[in-house]
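Number of protein chains: 2
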Amino acid sequence: MLTRVKSAVANFMGGMMAGGSNGDHPGGSDMPLKYPYSRPEFLGLSPDEIECSADHIARPILILKETKRLPWSTGYAEVINAGKSTLNEDQACCEVLVVKRRPAGSSTPNRTPLTRRRSSLPNGEGMGPRESDKLLYLTLHYWALFDGHAGSGVAVAASRLLHHHIALHLQEVTEILCTPNLLPPTCLGEEPINHHLTPTSQRALTRAASLRGAAGAPGSPSTPPTRFFTEKKVSHESLVIGAIENAFKDMDVQIEKEKAVYNISGGCTALVVVYLLGKLYVGNAGDSRAIIIRAGEVIPMSTEFTPESERRRLQFLAYMQPHLLGNEFTHLEFPRRVQRKEVGKRMLYRDFTMAGWAYKTIEDDDLKFPLIYGEGKKARVLATIGVTRGLGDHNLKVHDSNIYIKPFLSCCPEVKAYPLAQYEHEADDVLVLGTDGLWDVLSNQEVAEAVTCFLANCDPDDQHRYTMAAQDLVMRARGVLKDRGWRISNDRLGSGDDISVYIIPLMYGNKQN
Amino acid sequence: MLTRVKSAVANFMGGMMAGGSNGDHPGGSDMPLKYPYSRPEFLGLSPDEIECSADHIARPILILKETKRLPWSTGYAEVINAGKSTLNEDQACCEVLVVKRRPAGSSTPNRTPLTRRRSSLPNGEGMGPRESDKLLYLTLHYWALFDGHAGSGVAVAASRLLHHHIALHLQEVTEILCTPNLLPPTCLGEEPINHHLTPTSQRALTRAASLRGAAGAPGSPSTPPTRFFTEKKVSHESLVIGAIENAFKDMDVQIEKEKAVYNISGGCTALVVVYLLGKLYVGNAGDSRAIIIRAGEVIPMSTEFTPESERRRLQFLAYMQPHLLGNEFTHLEFPRRVQRKEVGKRMLYRDFTMAGWAYKTIEDDDLKFPLIYGEGKKARVLATIGVTRGLGDHNLKVHDSNIYIKPFLSCCPEVKAYPLAQYEHEADDVLVLGTDGLWDVLSNQEVAEAVTCFLANCDPDDQHRYTMAAQDLVMRARGVLKDRGWRISNDRLGSGDDISVYIIPLMYGNKQN
Numbered sequence: 001m002l003t004r005v006k007s008a009v010a011n012f013m014g015g016m017m018a019g020g021s022n023g024d025h026p027g028g029s030d031m032p033l034k035y036p037y038s039r040p041e042f043l044g045l046s047p048d049e050i051e052c053s054a055d056h057i058a059r060p061i062l063i064l065k066e067t068k069r070l071p072w073s074t075g076y077a078e079v080i081n082a083g084k085s086t087l088n089e090d091q092a093c094c095e096v097l098v099v100k101r102r103p104a105g106s107s108t109p110n111r112t113p114l115t116r117r118r119s120s121l122p123n124g125e126g127m128g129p130r131e132s133d134k135l136l137y138l139t140l141h142y143w144a145l146f147d148g149h150a151g152s153g154v155a156v157a158a159s160r161l162l163h164h165h166i167a168l169h170l171q172e173v174t175e176i177l178c179t180p181n182l183l184p185p186t187c188l189g190e191e192p193i194n195h196h197l198t199p200t201s202q203r204a205l206t207r208a209a210s211l212r213g214a215a216g217a218p219g220s221p222s223t224p225p226t227r228f229f230t231e232k233k234v235s236h237e238s239l240v241i242g243a244i245e246n247a248f249k250d251m252d253v254q255i256e257k258e259k260a261v262y263n264i265s266g267g268c269t270a271l272v273v274v275y276l277l278g279k280l281y282v283g284n285a286g287d288s289r290a291i292i293i294r295a296g297e298v299i300p301m302s303t304e305f306t307p308e309s310e311r312r313r314l315q316f317l318a319y320m321q322p323h324l325l326g327n328e329f330t331h332l333e334f335p336r337r338v339q340r341k342e343v344g345k346r347m348l349y350r351d352f353t354m355a356g357w358a359y360k361t362i363e364d365d366d367l368k369f370p371l372i373y374g375e376g377k378k379a380r381v382l383a384t385i386g387v388t389r390g391l392g393d394h395n396l397k398v399h400d401s402n403i404y405i406k407p408f409l410s411c412c413p414e415v416k417a418y419p420l421a422q423y424e425h426e427a428d429d430v431l432v433l434g435t436d437g438l439w440d441v442l443s444n445q446e447v448a449e450a451v452t453c454f455l456a457n458c459d460p461d462d463q464h465r466y467t468m469a470a471q472d473l474v475m476r477a478r479g480v481l482k483d484r485g486w487r488i489s490n491d492r493l494g495s496g497d498d499i500s501v502y503i504i505p506l507m508y509g510n511k512q513n
Numbered sequence: 001m002l003t004r005v006k007s008a009v010a011n012f013m014g015g016m017m018a019g020g021s022n023g024d025h026p027g028g029s030d031m032p033l034k035y036p037y038s039r040p041e042f043l044g045l046s047p048d049e050i051e052c053s054a055d056h057i058a059r060p061i062l063i064l065k066e067t068k069r070l071p072w073s074t075g076y077a078e079v080i081n082a083g084k085s086t087l088n089e090d091q092a093c094c095e096v097l098v099v100k101r102r103p104a105g106s107s108t109p110n111r112t113p114l115t116r117r118r119s120s121l122p123n124g125e126g127m128g129p130r131e132s133d134k135l136l137y138l139t140l141h142y143w144a145l146f147d148g149h150a151g152s153g154v155a156v157a158a159s160r161l162l163h164h165h166i167a168l169h170l171q172e173v174t175e176i177l178c179t180p181n182l183l184p185p186t187c188l189g190e191e192p193i194n195h196h197l198t199p200t201s202q203r204a205l206t207r208a209a210s211l212r213g214a215a216g217a218p219g220s221p222s223t224p225p226t227r228f229f230t231e232k233k234v235s236h237e238s239l240v241i242g243a244i245e246n247a248f249k250d251m252d253v254q255i256e257k258e259k260a261v262y263n264i265s266g267g268c269t270a271l272v273v274v275y276l277l278g279k280l281y282v283g284n285a286g287d288s289r290a291i292i293i294r295a296g297e298v299i300p301m302s303t304e305f306t307p308e309s310e311r312r313r314l315q316f317l318a319y320m321q322p323h324l325l326g327n328e329f330t331h332l333e334f335p336r337r338v339q340r341k342e343v344g345k346r347m348l349y350r351d352f353t354m355a356g357w358a359y360k361t362i363e364d365d366d367l368k369f370p371l372i373y374g375e376g377k378k379a380r381v382l383a384t385i386g387v388t389r390g391l392g393d394h395n396l397k398v399h400d401s402n403i404y405i406k407p408f409l410s411c412c413p414e415v416k417a418y419p420l421a422q423y424e425h426e427a428d429d430v431l432v433l434g435t436d437g438l439w440d441v442l443s444n445q446e447v448a449e450a451v452t453c454f455l456a457n458c459d460p461d462d463q464h465r466y467t468m469a470a471q472d473l474v475m476r477a478r479g480v481l482k483d484r485g486w487r488i489s490n491d492r493l494g495s496g497d498d499i500s501v502y503i504i505p506l507m508y509g510n511k512q513n
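Chains as they are written, first to last, in UniProt numbering: chain A, 1 to 513; chain B, 1 to 513.
No lab work stands behind these hints, which were simulated from the structure alone.
Here the structure is a predicted model, which is why all the values come from computation and not from measurement.
Quick reminder that beta carbons are idealized off the backbone N, C-alpha and C, glycines included.
Everything hinted at is true.
Non-contacting residues of chain A with respect to chain B, defined by C-beta distances greater than 10 Å in every case (computed):
#1 Leu45
#2 Ile61
#3 Arg160
#4 Val253
#5 Lys257
#6 Gly326
#7 Ser443
#8 Asp459
#9 Asp462
#10 Lys482
Covered, in the sense of this in silico footprint (three residues per stretch, anywhere, with C-beta under 8 Å from a C-beta of chain A), are these stretches of chain B:
#11 165-174
#12 332-343
#13 354-361
Just so you have them, the derived chain B footprint on chain A, three or more residues with Cβ under 8 Å:
#14 239-245
#15 328-341
#16 347-361
#17 370-381
#18 410-423
With the hints as constraints, model all of the structure from the sequences given.
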């Protein structure tokens with residue numbers, strides 16, 4: 001996340017791998033390190049390899065060595081930045097988890113994770129649930145990218161923990177999700193609403209109802225009377241989306257709490273993919289991006305959250321809670337800084353109500369620094385941060401002030417669902433996830449063309465092809481080192497940022513439950 | 001806007017045309033009526049005809065009698081509701097205005113409208129600006145629909161006034177808009193930025209700069225030094241959008257002020273179309289809708305603002321300003337009312353951070369009435385209003401309480417631009433505007449098919465065809481009176497609401513400036 005946070009990272013002094021210290025926190029912290037820096041576990045790197053990977057001159061591209069380590073033959077590649085931070089602040093995680101329903105009779109959620117990896121590798125091979133238990137287990141495929149800033153601590157922590165929070169929230173609704181054709185009951189412990197019941201789902205319903213301690217079977221004396229008010233119907237899909245949304249919030253709360261006792265530096269964006277019961281869910285908080293490439297066509301699966309895309313939300317918040325601006329910022333936007341000599345003149349502006357621009361007479365108050373300032377990759381909130389959603393950043397303040405950034409940041413993802421099992425996918429249909437290092441220099445169309453072209457030239461049975469394609473993408477975005485820096489096609493500048501890319505083939509979803 | 005506002009309209013007692021009173025304000029008002037009830041001026045109806053049109057049993061469809069009254073051979077038709085309110089609460093306005101630039105040397109905007117109709121008819125024929133003055137005049141085509149609720153007063157006022165506010169705001173930037181290739185200067189009175197200057201626009205620029213009292217010609221001793229900070233470039237289109245946005249706000253402020261001294265009842269939605277310098281601008285605040293039909297394909301030109309579509313904005317506001325809920329409402333949404341016996345159980349909910357749903361343990365506070373309640377056309381904010389953007393409603397309160405609705409309503413439109421002059425349009429390519437009475441019962445696709453089919457069967461040279469097509473649409477949405485009510489195709493229920501429809505052919509835009 002190049003130059004995203006105006007912090008004194010350049011003053012970095014510690015050794016990268018110095019035992020016990022994550023080394024990228026310039027101010028230093030005497031608190032213990034709970035989540036030491038590393039590269040993604042699935043890369044299977046030795047400490048030596050990790051050290052070698054952090055060569056800001058050579059910028060070696062790391063790829064997945066053993067294709068079978070990840071589910072669905074997922075491909076992965078990454079490269080470190082060109083020197084903006086000593087460590088690679090991107091992190092990645094991929095897991096296949098089995099989520100077991102909450103024990104019957106427990107009325108409050110059990111906060112002990114009842115999840116387990118399906119095997120010693122995250123690819124999920126072996127040890128699935130027993131056939132007889134399947135109704136009460138969910139198999140969850142999970143891929144995630146985190147792009148850190150102002151330190152790697154939060155990105156590392158999130159890469160270790162976020163999937164457990166998602167599993168915990170799904171656990172609360174496992175029983176419902178496992179019962180096809182049963183709409184989620186509005187209130188747990190009451191008669192569920194059922195629709196289009198098949199004999200199988202009727203049996204499942206009866207079982208689910210009894211497990212949930214419902215008042216009784218339909219028609220029994222304890223059946224509650226029919227209600228005459230309308231009731232909104234909530235889909236299974238909405239429950240999964242709600243689970244992912246609330247997991248992000250819990251993750252952020254956990255980071256806040258742990259920051260009080262451990263050294264966990266910075267903040268990070270988060271882009272996660274969950275595959276569950278035939279659907280892909282893409283949750284995004286930040287400026288990473290996911291696209292599906294299907295038959296060569298691009299289907300965007302995320303939108304970026306930046307000072308520009310979230311301007312109106314932030315201006316609205318500042319307008320309603322002006323104390324958050326500490327008397328140093330204005331919620332209005334101007335095309336550039338206002339100068340004192342311009343007071344009394346008419347200048348272009350816009351506020352939270354406006355997509356367009358108009359002229360206003362400049363007052364003294366307009367001389368304050370704008371809440372949102374700059375364009376494109378240089379746009380900043382409170383002159384500090386260039387991304388408006390993500391995890392962490394609880395202690396981040398405007399330089400040399402007591403103005404906190406966090407109230408303007410949201411940890412809530414936007415979640416998009418894609419009904420994977422409804423389509424037949426070919427071997428070249430993929431979901432591409434990348435941190436902004438990729439998308440800053442390559443358009444969706446360029447990525448789609450590169451991947452489609454690359455895969456077409458591979459042996460369709462080569463399981464390594466998706467990692468090779470990911471490596472190709474990272475190479476195209478990093479470029480090659482020429483006299484004056486990293487260059488990509490058409491002599492454009494390559495990305496000097498950390499770059500991480502997943503390529504997930506979709507045809508495997510056809511066969512999964 | 002059927003059953004939109006839970007008000008005692010049914011208790012209506014006054015005579016509809018009773019002189020001086022608009023008659024639809026059940027509580028009555030002793031204040032004078034400034035904007036008496038009427039039907040759109042361009043219909044040219046006599047008082048008798050207006051009275052006859054308000055027949056809730058026959059529901060006669062009113063159409064434009066003289067095609068030439070409106071620009072571009074625009075078609076128009078309307079029908080009154082089936083009895084929900086005595087008056088037709090929809091209003092419409094169509095004008096062609098000439099906007100003259102603000103006089104040179106006046107540094108603050110002149111609030112006297114420097115607009116005039118181009119002729120005694122709104123079709124704009126005759127008396128255009130003199131050729132030599134053209135640089136400093138803008139010709140503005142304007143169509144608008146207003147859908148009133150809880151009285152017709154605000155809808156009538158807005159139909160008389162909103163275009164003047166738009167013209168006033170455009171007047172401030174007329175000089176800039178009239179100078180092609182000149183980007184709007186960030187600060188008025190300073191050197192403008194010019195791009196791709198042709199000799200003509202260079203002359204225009206010099207003239208504009210001198211008129212604006214700029215520091216001097218480029219290169220002169222008084223030229224300010226080059227700046228090294230970045231400056232956002234603002235387009236002409238953004239200026240027009242900003243003008244429309246701010247005009248809506250000014251309109252709402254004027255209504256608030258006049259409500260203090262005049263009897264102006266209720267509130268209204270507003271859907272306006274502005275054609276200016278080759279582009280169509282569609283501004284929408286409410287639940288009316290505009291679509292373009294081009295070669296039979298639908299291009300949506302507006303989105304509706306309802307309690308459901310704006311749930312998260314409203315919940316966010318309530319979360320941050322809980323006093324607006326008066327201790328009687330909760331910002332959380334539940335699928336239905338929570339009952340006291342459910343306290344302690346887990347129920348589905350969502351807050352402003354969530355698109356999905358999750359379970360929470362019900363507390364006493366959750367027994368309050370939800371800020372957003374109901375589904376589809378029955379969804380309400382604060383149990384009162386079913387539309388979340390529009391004009392007026394300043395005095396509207398939750399029934400039997402002191403909780404005001406207005407803080408949750410926005411008068412800000414969403415404005416979409418369509419580059420009309422960039423396309424060649426055929427005679428059957430049209431922009432359709434309709435109040436929700438139309439769209440409640442007909443889909444975009446049904447409207448597009450009906451219009452396309454109807455126009456294909458007309459003589460292409462018949463200027464009356466667009467009004468005939470509008471009449472056909474209103475007929476399809478109203479239906480015919482059968483034993484049990486108004487019925488449309490496939491024995492569906494027709495709309496019992498007021499219905500108003502414009503059909504604006506786009507081919508005339510090809511030839512306009």
